[in-house]
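A.B. asks: Here is what each chain is made of, one letter per residue.
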Amino acid sequence: MSSVQQITRLPETASQTGGPYVHIGLAPQQAGFEIFERNFGNVLGAPQTPGERIVVEGRVLDGSGTPMRDVLIEIWQADADGHYAHPADPRSSAFRGWGRSGADFETGVYRFDTIKPGPVPGRGGRMQAPHIAFVLFARGINVGLHTRMYFSDEKVANDADPVLTSIEWEVRRHTLIGHREQRDGDIVYRFDIRVQAPDPAQETVFFDV
Amino acid sequence: MPTDPFGDFVQRDPSLHPPAYAPGYKTSVLRSPKNALISIQQTLTERTAPQFRADELGPLDADLIRNFAKDGMPIGERIVVHGFVKDEFGRPVRNALVEVWQANASGRYRHRKDQYIGALDPNFGGCGRMLTDADGHYAYRTIKPGPYPWRNRINEWRPSHIHYSICGDGWAQRLITQMYFEGDPLIATCPIVRTIPSDEQIRGLVALQDVANFIEMDSRCYRFDIVLRGRRATWFEH
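In the order they appear, the protein sequences are chains A and X. Numbering follows my numbering, in which position 191 of the first sequence is assigned residue number 191; successive positions increment by one, without gaps. Numbering follows my numbering, in which position 25 of the second sequence is assigned residue number 1025; successive positions increment by one, without gaps.
This is chain X alone, in the form it adopts within the complex (with noise of 0.2 Å):
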């Protein structure tokens, strides 16, 4: 069936993502509209969105092992994360900018905010980004982010995770979620995952080992895959 291709998306479905007030998740309760969503048809506003050139982003950007190192590499696992960024109907999504943040190995972010005892890592910056190719690939190299407390409820740790942001062909896409690690014992117990109503959506977050993609003597490899929204088909001219 024919699709528009700047045509509307389909609608979000609202159980495939955690409620605004989620009581859990103890900031959300303050951060959380009353009223409904207004849900409005779409317009150009909602079906086109910014794109992004490749030579604005520099050569190291996809790399974090290198592009804060200043006298050496930083300290932890080092790993590849890669996947495919796809729209509902399992289409490509490409050209899209995904730009990646994390904590480092010792569950410490580069933030002027994160007072946590964990110690920076002089060689560590935490974030990377990059754009999709021609198949909605993306690959970047990093050092597996460590778990940390934070203030939630006493004696909180966050899984070790990282940050996703996703920006797509359309606003409507606009996305930002988090990664886990297969096998965290971490992910069952915390609060933000909870916040997700369903265990299969739960899983579509956890990256699992792609032994097959390892890099010998160097690197163990994860695959992450992101779907957006899909544009809808068009079953009769208007």
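Pulled out of the complex, with its shape left as it was, chain A reads as follows (with noise of 0.2 Å):
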């Protein structure tokens, strides 16, 4: 028992499941009614948002490779220069970089419409590789899990990327990859989630924030 720190800090809120209908309160519109005026969804940015098009979408599988069909994922980036619409980046962005999709109940696929992000400053002065952060609730999930989501199409920056880097199995640092396809005029980075894997080395790279 840690009885020192709770003298001085409050323990933690426990995390539990979203559960299997999440959608009610995070996308009423997916449960099936409608309920609030402005919704919160998968688009990010207006037509006027300087940067590159794309759109992010694949599946997150289960141990047994079954598509998580319940899932709800949120996504936070920078805009094209890199910056996050928070008071923490001097050059704040009009960009606010935020988006939550559920996976589509038939086909298990979620997708978000958005821009490519800029490079974003890291620890010690270092770059960061364009990235997305990535969070996942579903029913059995007990504590969010976060990841993230890198260009196919950066290798370089990717290879020089501090928290890609750190990541001590090479071996596992392709499942953080989200490839780059073209399809009907559309740039698509396919990034499937593998939540649980038989072979490690499969498995999708989950961080403690």
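If you're looking for bench data, these hints aren't it; they were derived computationally from the structure. Wrong hints could be hidden among the right ones.
[Stated by the list, open to error] With a Cα cut of at most 25 Å, we get these calculated SDA-like pairs of lysine to any residue:
#1 K1034(X) x D62(A)
#2 K1026(X) x D62(A)
#3 K1034(X) x P121(A)
#4 K1026(X) x F1089(X)
#5 K1113(X) x D62(A)
[Stated by the list, open to error] Listed below are several chain X residues computed to face chain A (Cβ distance under 8 Å; list not exhaustive):
#6 T1027
#7 S1028
#8 L1030
#9 N1035
#10 T1045
#11 H1082
#12 K1086
#13 E1088
#14 G1090
#15 W1101
#16 H1111
#17 T1195
#18 Q1201
#19 I1226
#20 R1229
[What the hints assert, rightly or not] So these bits of chain A aren't anywhere near chain X, every CB distance computed over 12 Å:
#21 L10
#22 R38
#23 E74
#24 S92
#25 V109
#26 I115
#27 D153
#28 A160
#29 I177
#30 Q182
#31 R183
#32 D184
#33 R190
#34 D199
In this text, a Cβ means the ideal position worked out from N, Cα and C, and glycines have one as well.
Relying on the hints, combine the two individually framed chains into one complex.
C.D. replies: Structure below.
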């Protein structure tokens, strides 16, 4: 028991699963009803937002390889110049950089329409490669799972990224790369997430942030 | 001691939270990573988070009794739920987005995938949202949710609960949890509650009756405070 800490610190509230009906609270239209005038969704930015338009999509797979069709994903990212819309960033952006998407109940595919972020300052003056932070909530997930997606066309920056290169097992780093492809005129990054996999090299890296 | 308003968050103490793999809650078995989480030094990505404005929310968003009412009021016990969102050092978390969702008084969710026999209430949606004020305070009005059976073991029943999602000021603070009600006998046996490793942490999820804030001839009141991770002190300039 950490009785000393309890004198000076309040314990963080315990996490619980979002459950199968997380959409009611976070994406009620997907649950099947209209209630709010304004809804938070999976389209980030406006037509005038500077940057390259991209689609990020994929599936989240459980330990049997079955798509998790009830998963809800949120993403957080910088703008095309690498700035976050937050007061901690001195050149705070007009681009909010946040969205949420529930996987399709039939196909299990999630999707975000966003812009490609720029490189972001890291610790000690080192730059981070462009990346998008992900957090996953679902039935059976007791504490939201944090991961990151990097971009397959940023190999040089990825190879120097302080977070990616801090992953001791090089064979696991590929699990954080979204793969760029062209589809019907769209730039699509395909990013499948394996919450559990028999082969440790195939299970997506999740972070204790 | 000085605190950088945008500095690192203290590392999360995993003993306060359920493990990913908690076989009493069967769905977690195939949905838990086998590898350990990789601990990273926080960057701007983890120290920042989306900002929300009051004008993005509607005037009834925090009133679950009225925000889906069609031709009358929802059936069930009227309650007010309120509390403070604080960090680990007791500082208020201002402008946090608090989103709540729940079953109706019959234990039925308004969700296309919920097949429970309990009746839907035409006047109850079951979700609400609000921003904390300058003191970190939030409040909403709703109907007390009913318990319901679910598929885990046979005759497993969830205690009455309200789901919470909280977006604080840093991505590292992001939290989803559930609030329970004082005195509910189902809390002690619920496999989802029991994923939490300590009784003290379970008590932290149980809202207490706040008799002083009952509304006469109208509603009971429950108090539920939430603690998010706090930013660490900076001992030395670097």
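A.B. asks: Indicate, hint by hint, whether the structure satisfies it.
C.D. replies: Outcome of the hint check:
1. A C-alpha spacing of about 11 Å is found between K1034(X) and D62(A), which places the hinted pair at or below 25 Å, so the restraint holds.
2. For the hint pairing K1026(X) with D62(A), the CA-to-CA distance comes to about 13 Å; that is within 25 Å, so the pair holds.
3. For the proposed pair K1034(X) and P121(A), the alpha carbon gap of about 31 Å is over 25 Å, so the pair is violated.
4. Annotation: proposed proximity of K1026(X) to F1089(X) is violated, straight-line Cα distance about 35 Å (limit 25 Å).
5. Distance restraint check for K1113(X) and D62(A): the Cα-Cα separation of roughly 19 Å lies within the 25 Å cut-off, and the hinted pair is therefore satisfied.
6. Satisfaction of the interface hint for T1027(X) is found here, the shortest Cβ-Cβ separation to chain A being roughly 3 Å, below the 8 Å cut-off.
7. For S1028(X), the suggested interface contact is upheld, since its CB lies about 5 Å from the closest CB of chain A, less than 8 Å.
8. Proximity of L1030(X) to chain A holds as hinted, the smallest CB-CB distance being about 4 Å (cut-off 8 Å).
9. The restraint placing N1035(X) at the interface with chain A holds, with a minimum CB-CB distance near 5 Å, inside the 8 Å limit.
10. Proximity of T1045(X) to chain A holds as hinted, the smallest CB-CB distance being about 5 Å (cut-off 8 Å).
11. For H1082(X), the shortest C-beta to C-beta distance to chain A is roughly 15 Å, which exceeds 8 Å, and the interface hint is violated.
12. With its C-beta approaching chain A no nearer than about 7 Å, K1086(X) sits inside the 8 Å limit, and its interface hint holds.
13. For E1088(X), the interface hint holds, since its Cβ comes within 8 Å of a Cβ in chain A; the closest pair sits about 5 Å apart.
14. At a threshold of 8 Å, the smallest CB-CB gap from G1090(X) to chain A is about 6 Å, leaving the interface hint in force.
15. The criterion of a C-beta within 8 Å of any C-beta in chain A is met by W1101(X), whose closest approach is roughly 3 Å, and the hint holds.
16. Among the interface hints, the one on H1111(X) holds; its C-beta lies about 4 Å from the nearest C-beta in chain A, closer than the 8 Å criterion.
17. Here the hint on T1195(X) is kept, as its CB sits about 5 Å from the closest CB of chain A, short of 8 Å.
18. Because the beta carbon of Q1201(X) sits about 4 Å from the nearest beta carbon in chain A, less than 8 Å, this interface hint is met.
19. At a threshold of 8 Å, the smallest CB-CB gap from I1226(X) to chain A is about 5 Å, leaving the interface hint in force.
20. The closest approach between the C-beta of R1229(X) and any C-beta of chain A is roughly 6 Å, which is under the 8 Å cut-off, so the hint is satisfied.
21. With a cut of 12 Å on Cβ distances, L10(A) falls inside the contact zone with chain X, its closest approach being about 5 Å.
22. At roughly 5 Å, the least C-beta separation between R38(A) and chain X is not larger than 12 Å, which violates its mark as non-interface.
23. With a minimum CB-CB distance of about 8 Å to chain X, E74(A) fails to clear the 12 Å threshold, and the non-interface call is violated.
24. Residue placement check: S92(A) does not keep its beta carbon more than 12 Å from all beta carbons of chain X (closest about 9 Å).
25. A cut-off of 12 Å between C-beta atoms confirms that V109(A) is not in contact with chain X; the least separation is 17 Å.
26. Separation of I115(A) from chain X is adequate, the least Cβ-Cβ distance of about 15 Å exceeding the 12 Å criterion.
27. Under the 12 Å C-beta cut-off, the non-interface status given to D153(A) relative to chain X holds; the minimum distance is some 20 Å.
28. In this structure A160(A) is separated from chain X by more than 12 Å, as the shortest Cβ-Cβ distance comes to about 14 Å.
29. Listed as outside the interface, I177(A) is consistent with that label: its C-beta sits roughly 16 Å from the nearest C-beta of chain X, beyond the 12 Å cut-off.
30. The claim that Q182(A) is not at the interface with chain X holds, since no C-beta of that chain comes within 12 Å of its own (minimum 28 Å).
31. Annotated as non-interface, R183(A) keeps its C-beta farther than 12 Å from every C-beta of chain X; the closest such distance is 28 Å.
32. With a least CB separation of 29 Å from chain X, D184(A) remains clear of the 12 Å interface cut-off, as annotated.
33. Against the 12 Å criterion, R190(A) stays outside the reach of chain X, whose nearest CB is about 21 Å from its own CB.
34. Residue-level check failed: D199(A) sits 10 Å from the nearest beta carbon of chain X, not beyond 12 Å.
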